[in-house]
Amino acid sequence: MCDDEKRRVEPLIDVLNLLGYEATVLDNPSDVPTFLDEHHDEIDVILLDLHMPNGTLATELNARGFECDAREETGILLYGYVKKTYHLPVVVHSVLRGRQVMEYFQNEKGVEFLSKPASSDKIVEAIERVIGRRNE
Amino acid sequence: MNRRATIGFAVLLYLACSWTLTAQVDLPTVEEQASEVALSAEQQEALNGLVESKVQELLNQEPEGRFRKALEDATKALPILTWIVGAAAVVATLLGAVAALLTFQAHQGRSEIFAAVAAAEKSLEKTRRLAARTRTSAARLRAEGSDTLRELQAVSDHVKAESDRIHQEAQHVADSVSGIYLNSAIESLATPGGNPESYARRYAAIGIIAELGDDRHRRYLEAARGKDYESDMNRAEIDRAIEKIRTRSQRQ
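Top line first, the protein sequences correspond to chains A and B. Quick note on numbering: my numbering labels position 93 of the first sequence as 133, and the sequence is numbered without any gaps. Quick note on numbering: my numbering labels position 82 of the second sequence as 163, and the sequence is numbered without any gaps.
Just to be clear, a hint being listed does not mean it is correct.
Okay, derived cross-link-like pairs now, BS3-like style, lysine-lysine, Cα gap no bigger than 30 Å in a straight line [as the list claims (entries may be wrong)]: (1) Lys157(B) / Lys135(B); (2) Lys325(B) / Lys162(A); (3) Lys46(A) / Lys135(B); (4) Lys124(A) / Lys46(A); (5) Lys162(A) / Lys308(B); (6) Lys46(A) / Lys156(A).
Here are the in silico distance ranges between beta carbons for each label pair [unchecked claim]: (7) Lys162(A) / Arg246(B): 22 to 30 Å; (8) Gly307(B) / Glu50(A): 16 to 24 Å; (9) Arg327(B) / Thr96(A): 49 to 57 Å; (10) Asn57(A) / Val240(B): 50 to 58 Å.
Below, a sample of chain A positions facing chain B; criterion: calculated Cβ distance under 8 Å [claimed, not checked]: (11) Pro51; (12) Val55; (13) Asn57; (14) Leu58; (15) Leu59; (16) Glu62; (17) Thr64; (18) Ser160; (19) Asp161.
Don't read these hints as lab results, they were simulated from the structure. Positions of the beta carbon are idealized from the N, C-alpha and C atoms, including for glycine.
Construct the entire structure; sequences and hints are all you get.
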């Protein structure tokens, strides 16, 4: 999970653990590229917030050869990088639900979009749907 | 002979009355006829004089006197004839009077009938006007009733729509509140810990999931039951909660 509001998503980690999943949360988006480099083959799905501080993310991504605009929404940048580099399924969990964002993700295959705050069981259901689609 | 004459006279009187009543005999005609038959004293005297002079003339012309006796007999009979004629005149006058009375009564009855008919026509006309007014009022009331009915229907539809909307909103709020409680309970159930506070929190969460959860949430309870940190009391409560959800699900 990548969410700058770590305290709010920690209960979800317990819920996922209860159901037998391992879950980790990164609250600094700039740490995500390195984490993916190290653990991408252990990851089934990424739960991604969109509206987060950019930090040095754009610099990190550009250093990995992924050209991006630092003015772009942080979660959009991360999604583009994950999609291009690791092809991992994503569940977007965000308060951003503007027309532009919604249209963007409507056209993306394999992406679940949840309006924040979604309940734990709804998030679990969405996660299991994308995992199920990936295993088909 | 007298009986026959009396019966004949009665029949004539009856016919005269009936004819006067039914055909409305013109009274003056009968009276004129009666007056023609009745002779005044002067006329009677003139008639007597005329008859005597004619008799004398005949006697003078008839030397043998063959008709004299007959004429004298006839002259003797004149007063009787005069009385007969007079009696006939009186009878005719009486008949005229009766006819006049009956005609008057018939006229009076006819006038009363005309008056009654006129009153009935007037009453009928009144009734017709009243019926027309009633029809107009009924049409107006019907139109007003239709308008009122349409307005009531519109108000009823509006109230129903509002009621449905409020019901949906209330249901949405209830679902939201229920969802919040349920989510909180699931997260509490998933929080591990072996102290009394943790057990108590999970115990409460199990109760909430039992009340608000459905088949989708049984998996959380079953997963929690398998955790080695869970207490026996909470496991028993989980069993009851799972059974409660299953029973409710089957009923639905």
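Given the range 16 to 24 Å, decide if the beta-carbon distance of Gly307(B) to Glu50(A) lies inside it. holds (22 Å)
Grab the minimum C-beta distance from Val55(A) to chain B and call the hint holds if it beats 8 Å, violated otherwise. Holds - the Cβ of Val55(A) comes within 8 Å of chain B, reaching about 4 Å at its closest.
Does Lys308(B) lie within 30 Å of Lys162(A) when you go C-alpha to C-alpha? holds (23 Å)
Was the hint right that Leu58(A) lines chain B, CB cutoff 8 Å? Nearest chain B Cβ about 4 Å off; hint holds.
Holds or violated: Lys124(A) and Lys46(A), Cα atoms, limit 30 Å. Holds, because 26 Å separates the two Cα atoms, which is no more than 30 Å.
Pairwise hint evaluation, Lys162(A) against Lys325(B), where the allowed Cα distance is 30 Å at most: holds (22 Å)
Let me know if the C-beta of Asp161(A) comes in closer than 8 Å to any C-beta of chain B, holds or violated. Holds - the Cβ of Asp161(A) comes within 8 Å of chain B, reaching about 6 Å at its closest.
Supplied distance hint 49 to 57 Å, evaluated on CB atoms of Arg327(B) and Thr96(A): holds (52 Å)
Would the hint linking Lys157(B) and Lys135(B) be met if the CA-CA limit is 30 Å? holds (14 Å)
Does Lys156(A) sit within 30 Å of Lys46(A), going by the straight-line distance between their CA atoms? holds (14 Å)
Taking the closest Cβ pair, is Asn57(A) under 8 Å from chain B? This hint holds: Asn57(A) lies near chain B, its Cβ roughly 7 Å from the closest one there, short of 8 Å.
Can Leu59(A) be said to touch chain B, with a Cβ gap under 8 Å? Holds - the Cβ of Leu59(A) comes within 8 Å of chain B, reaching about 6 Å at its closest.
The structure fails to meet hints 3, 16, 17 from the earlier list, while all remaining hints are met.
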